[in-house]
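Guided by the hints, dock chain B with the ligands onto chain A, whose structure is given.
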Amino acid sequence: MTTLSHAPASSRPIPNPKKSLITKLNMGTGIVVGVIFCWGTYFAMKAGRDMTDSHNVNKVLLMSMFAWSIGFLIGIGAFIGPFRWLIGKDLTDEEQLYLAVDGQGWKRYFKYCTDHKVVGIQYLVGVMALLGVGGTMAMMIRTNLATPGSHFVTPVVYNSLVGLHGITMIVAMIIVATGPFGNYIMPIMIGAADMAFPRLNALSWWVLFTAVPVLCSAWFLGGIPTGWTAYAPLSDQAGPGMNAFVATIIIFAVSTAVAGMNITTTVVAMRAKGMKWNRVPIFVIGATISVALAIPAFPTFMVAMIQTGLDRTIATGFYDANVGGSGWLYANLFWIMGHPEVYVILIPGVAALMEIAPVFVRKPLFSYNAAIAGFAGIAGLSVLVWAHHMYMAGWMPSLNGPFMVTTEFISVPTGLLFLVLIGTLWRGRPWMKLPMLCVYAFIWNFLIGGITGIYLSDVPADNYLHGSMYVTAHFHYTLMGAALTGAIGGLAYWFPKMTGRMLNERGGYISFWFIQIGFNVLFLGMFIVGAEGQPRRVADYAHLYSHANLISTMGAYSVGIGMIILLWAIVHSWRSGKIAPMNPWGAKTLEWTVPYPVPLVNFDQPPVVTSDPYGYGRSAK
Amino acid sequence: MAHDTEFHVHHDSPEAIGRRERLGVRLLIVADGAFLFGMIFSYFYLRNLNVNGGWLPKGVHSFSTASGWVAALGLIVAALAHRLGEYNKAARNLTAIVVLVALLIGGFYQWHQMAHMPFIAHDDAGRPFYNGAYASNWVLVAGANMFHYIVGAFVALGLLLRGYRVKLDPTLEEWRQRTAGSWFTWIAISGIVCALATSFK
Ligand code: HEM
Ligand SMILES: [Cu+2]
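Residue numbers (my numbering), protein chains in the order written: chain A, 2 to 622; chain B, 24 to 224.
This is chain A alone, in the form it adopts within the complex (with noise of 0.2 angstroms):
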């Protein structure tokens, strides 16, 4: 990689590569090529076939879905580096910098950019954007479940609605830590210049974003009925919108793996002098323990994802029993992505808390390494529970009682994590500021998740469990209640570092309690109808169960407005917030010693640490 320079923006004239592709290009090119390359696709495959087969209407639409994907890149100019090396004529310092696309105010934004600070921002504009649309599907689905025999949206429409909401907010929620803070802040944590391969990290960003509108397209062809599981052999015969699953989930794991290595590798090689392993701070080794745990996770579920499109394409019959195949066989890779992927959402979110509550308490860090244990041990072990999501399946009965044990071990290193904030905040005197709020919130949500996972890996009781509202409520306290709430918090707290600008506190303390108090009113109840037998994924329900969901729905739309608060205060502090001052919370992490906005290339001298980052009360080490 190459670093540039770091004379301020405003006294270096604007690179200008001559004649080089790369100035023309941004994302309205990539928008172009990509639409002619999508409707070229779509016609060129159409003429000729007959169009009533599924197999081939399932074939054009994902090819035409692919070539969105990469024209778009080319429109961009993402390859223009891989063929310039390809041709032994590599990207000149000029060019290099143009791409960095210092000085350009706004429209860096829209361009292959590889300012890891910029693809940061893109990154927290992108989540924002996800979760307000996997938002607006979770009101919906409240408002149809508001009463029994409610017609709000149709029985298969409402399959839809859980099915995309679901794996919109899987999406967001992987994304939601690492993207912004992975991206933008945790380079300059560690005193780097920049993440080690700038190209490959604005590839991820801009991968991920030909995603989002194939993601979009499932509700123009007839949404999925599956569920954000996608289990076959339903997602075999499914209509077309199914392709636009397996297409977003096969982009998508592009962007993540790409991601992860970028990631793992800037911070196992590019540390600042001094920063040995014990001085790395705790959010950067939980971003790192999450993404390489993605690393070989994730493939396996494109695998059940290329398995399931030649189904549908080709037709193969990998989950389909008249010929050889079987459901079990999706099931089976499926969670072995699953199972870890819940905790490569849950390990940043937390990391980002440990990283705040010292700060909060002014207190070290309790027991850094029973923090990197608890991660370390979560990821070592979420590979070996996969099959506690399988135990109604009839998939290897005998095989339950292992499983059972695996994933009640995990509760050994996830008590770690709890021993670490709880012993951090021990006589510590808090300081009480919304990133310090979402600590509490956390430990009491994920109290509740963790606790109520632990019966549903117990078998017997799975077996009653299993399939209710009991399991939604359990992983949303998971991943709402524990790993979102973490995000808000990383939001609040790098928020100063990121915008220049003040979070407005009013409306974060008031989005705050809409947010939790909301969010419990809502899930708590759900445990309980759960308990008593309301299935999950269904449209409709028993009168019995209409108070709770009632009350669950009123939960839905305070958390609804909480949102709604919170999105007004970040935009409103982003435009015209107090001024942030350098370090706002007195922190000892790098982050804190940059100015804002950060110079390009972060550091005037390169960093030297001394001493771990959470000494306070204490002199340095």
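Derived from the structure by calculation, the hints contain no laboratory data.
Backbone N, C-alpha and C define an ideal beta-carbon position, used for all residues, glycine too.
Do not rely on the hints blindly, as some may be mistaken.
To be verified - Derived lysine-lysine pairs resembling DSS-like cross-links, with alpha carbons at most 27 angstroms apart:
{"id": "1", "chain 1": "A", "residue 1": "K47", "chain 2": "A", "residue 2": "K60"}
{"id": "2", "chain 1": "A", "residue 1": "K90", "chain 2": "B", "residue 2": "K81"}
{"id": "3", "chain 1": "A", "residue 1": "K434", "chain 2": "A", "residue 2": "K589"}
{"id": "4", "chain 1": "A", "residue 1": "K579", "chain 2": "A", "residue 2": "K108"}
{"id": "5", "chain 1": "A", "residue 1": "K90", "chain 2": "B", "residue 2": "K112"}
{"id": "6", "chain 1": "A", "residue 1": "K434", "chain 2": "A", "residue 2": "K277"}
As the list claims (entries may be wrong) - Listing some non-contacts, in silico: residues in chain B with all C-beta distances to chain A over 12 angstroms:
{"id": "7", "residue": "S87"}
{"id": "8", "residue": "R106"}
{"id": "9", "residue": "A158"}
Stated by the list, open to error - A few chain A residues facing chain B, derived, Cβ under 10 angstroms:
{"id": "10", "residue": "A197"}
{"id": "11", "residue": "L201"}
{"id": "12", "residue": "V259"}
{"id": "13", "residue": "V269"}
{"id": "14", "residue": "A273"}
{"id": "15", "residue": "G275"}
{"id": "16", "residue": "W278"}
{"id": "17", "residue": "M303"}
{"id": "18", "residue": "Q308"}
{"id": "19", "residue": "I315"}
{"id": "20", "residue": "P398"}
{"id": "21", "residue": "G402"}
{"id": "22", "residue": "P403"}
{"id": "23", "residue": "V406"}
Chain B with the ligands alone, transformed into the frame defined by chain A:
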């Protein structure tokens, strides 16, 4: 800070860049390895289940074991030739060509196999389908090989062309030879694993 200086570009040492690139590629190999694991898992899982006797239904043809190994041959030769060139710089112009040609020929053979699959059947409406789980798995494995041939050929062509450029940093290019070596070795291993797997019918 000198504000009037022209922007300048600071380069990390070629050693540092080279090492970083190798780590990056190795991490991608881990991801690809997980993909291979998923495929092999699918192959043997469905083979052992043999749902409704549908692994290789009666009368359905399979590829010969030998042809599976031939399909991996290009990957293996390429990896060996690259290794040779890595240690013997004088021979590198030649070995780089051998790597590329091996990958092109191997890739062509793999493509040819895929164009002549013996297990495609037709339903009552005359629509083709893959008859049996062996057939389904075979096409996925062959596709993965094909993907490796294409990416491998891209890398090989790049190395070949770059070998003739004098302006490039020799230390960094040496690192890239090694990094590419990791990749070529990996795709050969993956090819061997696939050939081994498809030997079990
Ligand atoms: C603390 C330890 C945890 C245990 C013991 C646990 C256990 C379980 C079990 C046994 C199930 C299957 C229930 C069923 O389908 O019948 C389940 C479902 C689920 N868990 Fe957890 N869990 C834990 C933590 C988490 C975390 C941290 C997350 C996410 C961040 C999570 C996300 C999920 C999801 C998404 C599902 C539902 C998947 C589906 O069927 O759609 N869990 N959990
Ligand atoms: Cu799980």
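Sort out which numbered hints this structure fails and list those numbers smallest first. Violated hints (numbers, rising): 2, 6, 9, 14, 15, 16, 20, 21, 22, 23; every other hint is consistent with the structure.
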